[in-house]
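Student: Sequence:
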Amino acid sequence: MSDFLVIVESPAKAKTIERYLGKKYKVKASMGHVRDLPKSQMGVDTQHNFEPKYITIRGKGPVLKELKTAAKKAKKIYLAADPDREGEAIAWHLAHSLDIDVHSDCRVVFNEITKDAIKESFKHPRPINMDLVDAQQARRILDRLVGYNISPLLWKKVKKGLSAGRVQSVAVRLIIDRENEIKGFVPEEYWTVEAEFQKGKSNFNGSFYGINGKKVELKSEDEVKNILKQIKGKEFEITNVTKKERKRNPAPSFTTSSLQQEAARKLNFRAKKTMMLAQQLYEGIELGKEGTVGLITYMRTDSTRISEVAQKEAFDFIQDQYGKEYTRTDQRSGKKTAKAQDAHEAIRPTSTLRDPSSMKPYLSRDQLRLYRLIWERFLASQMASAVMDTMSVDIANGEIIFRSTGSKVKFPGFMKVYVEGSDDQLEEKENMLPKLEKGDIVKSEMIDPKQHFTQPPPRYTEARLVKTLEELGIGRPSTYAPTLDTIQKRGYVALDNKRFIPTELGEIVLELILEFFPDILDVEFTAKMETSLDDIEDGNVQWVKIIDEFYRDFEIHLEKAEKEMEEVEIKDEYAGEDCEHCGNPMVFKMGRYGKFMACSNFPDCRNTKPIVKEIGVKCPKCKSGNIIERKSKKRRIFYGCDQFPECDFLSWDKPLERSCPKCDQLLVEKKLKKGVQVQCTNCDYKEEPQK
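Sequential numbering of the sequence shown, starting at 5, is according to our numbering.
Keep in mind that the hints are not guaranteed to be accurate.
[Said to hold, decoys possible] Calculated lysine-lysine pairs in the DSS-like style (CA-CA distance at most 25 Å, straight line): (1) K549 with K187; (2) K439 with K203; (3) K251 with K316; (4) K420 with K248; (5) K77 with K127; (6) K270 with K420; (7) K57 with K27; (8) K493 with K316.
Since the hints were made in silico from the structure, they are not lab data.
Kindly generate the complete structure, drawing on both the sequences and the hints.
Tutor: As structure tokens, this is what we get:
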């Protein structure tokens with residue numbers, strides 16, 4: 005008989021914790037939630053203070069029975085689910101199922117699964133925090149009220165199997181709004197004038213800045229010609245030299261959002277994969293003789309706070325490995341946002357001493373890559389700032405001024421370990437200028453005017469969308485990955501070259517929700533609702549009040565939608581060919597792995613075929629055919645004319661529907677090592693690379 009029973013969510017976590025606690029403790033896993041609202045009905049009594057009806061989740065009966073048997077044999081039961089709202093709710097449901105007093109010291113929380121953290125947490129058990137439970141319960145009920153009222157409407161008016169949710173609907177709206185921005189974008193012409201200068205044996209580059217000290221934007225070729233006319237000879241004078249020392253601070257340790265963004269940029273991981281791997285690293289990895297150890301702190305957090313113990317260990321490690329000058333003198337610990345729980349820290353390694361190279365024998369390739377990212381980011385956040393020497397010079401010929409800037413790393417600091425990635429700009433590179441003083445004369449070796457056009461905003465990648473949702477206050481750390489997964493599974497959006505594009509179905513559903521339930525799609529309203537949930541968590545407001553305020557208006561919109569929403573018939577789209585088996589038309593269908601062609605005479609004829617994917621571009625060679633996506637024998641994607649073999653046009657680069665603004669010829673999307681670049685197939689037109 006064990007003296008103490010500890011209940012956690014997962015078997016991996018149970019195994020790790022049991023080893024730390026010793027023989028008196030028996031650790032069991034609940035396998036997540038044991039109770040939830042029923043799937044077959046609303047499960048919320050809107051007439052009586054939104055009382056939820058909880059039932060044992062199907063399939064969890066045997067788990068619950070095992071936990072009850074173990075609970076009867078234990079002197080004391082501890083509920084050790086994750087340290088967030090969801091974990092608190094799981095603990096509350098377990099307490100209800102096992103007849104545990106929620107006001108007793110039954111709740112144990114820890115931010116990392118290490119021996120010291122586990123033992124310390126069991127010295128400070130506490131009652132279940134009902135404010136946290138109520139916040140989670142309010143979110144669950146809100147989502148149920150939205151989903152179980154709007155979804156049946158969509159089934160009836162549009163198509164079976166559709167769903168609507170607060171956060172997912174806003175995410176789809178952002179993607180569709182961005183697509184509309186791109187479609188409506190009108191490129192504007194602008195010019196740059198680059199020059200190469202020589203001083204002695206050294207060459208350096210500069211760009212046109214302005215006239216008589218004032219910055220001038222060049223909008224046309226005529227303006228450029230006018231500037232070039234004013235340049236007399238090849239000699240330029242250095243009229244101003246500015247030298248500065250600039251500090252560059254490290255990025256803070258990861259939050260859930262920043263981890264998902266950086267893993268997408270640097271490792272090419274989807275948000276779902278990042279969270280799955282992070283969960284494994286958190287719950288524990290078998291490290292040979294050391295046993296199972298949690299390698300990172302809890303991975304659902306919006307705090308960048310770092311504990312003093314972790315700071316001290318990192319300080320000693322940095323001093324030992326890199327020298328005292330690399331240690332951080334200000335020792336900033338990061339910050340906790342207003343909505344982050346005090347128990348939370350940033351995502352960091354549980355021990356700096358477990359460097360990635362020593363973990364390599366125990367981790368899979370992807371686990372190691374993610375662990376290295378977390379370890380390097382944390383270590384860099386605790387290191388000294390980098391110091392850059394910068395120099396800016398103005399180079400004049402009469403009233404015409406060119407400007408050149410250069411920089412070099414004076415002291416690398418944190419950059420010796422890690423530099424943060426970016427969606428929108430290339431990583432900073434050193435650009436050395438020769439020794440230049442005011443009054444020096446330099447010669448222009450080359451002056452090169454170039455035409456450019458402004459570019460439409462980029463489509464959302466997973467990283468960009470997560471960043472935008474976070475900035476707008478939509479959702480919380482635990483919701484980002486499931487939201488992105490849901491909107492793809494429902495067929496509202498698709499990924500094209502790792503960027504989200506809306507589907508016809510997504511646009512239809514969004515239009516209906518926007519017409520009848522504008523609040524659901526209002527970014528400010530959704531962000532305000534998240535703040536209200538935070539207020540419930542902080543104990544400042546009762547959850548029933550928040551739900552009631554929402555439901556009063558929602559119910560009015562619901563009644564109107566029931567009466568006025570018209571049915572939208574989504575007909576099977578004709579595929580443009582007949583079935584070779586029975587002669588009936590082939591139509592497009594949506595399956596588990598995307599669209600495919602099927603015979604319209606189903607079930608009498610079960611003929612199906614993969615889709616030849618059109619990309620909406622006319623063949624530039626024969627002018628009559630359409631460009632389609634094909635795959636080579638080695639499964640490499642290329643693009644060709646659907647009139648093959650009559651037309652032999654093909655391209656490894658994806659042709660675009662819009663034409664070159666410079667020569668009106670075909671534009672293609674060329675893949676680079678990091679991102680893609682739009683280029684013209686006829687002239688030298690290029691757009692800035694997009695990651």
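Student: Confirm or reject each hint.
Tutor: Structure-based check of each hint:
no.: 1; hint: K549 with K187; verdict: violated, 43 Å
no.: 2; hint: K439 with K203; verdict: holds, 9 Å
no.: 3; hint: K251 with K316; verdict: holds, 23 Å
no.: 4; hint: K420 with K248; verdict: holds, 22 Å
no.: 5; hint: K77 with K127; verdict: holds, 22 Å
no.: 6; hint: K270 with K420; verdict: holds, 17 Å
no.: 7; hint: K57 with K27; verdict: violated, 38 Å
no.: 8; hint: K493 with K316; verdict: violated, 45 Å
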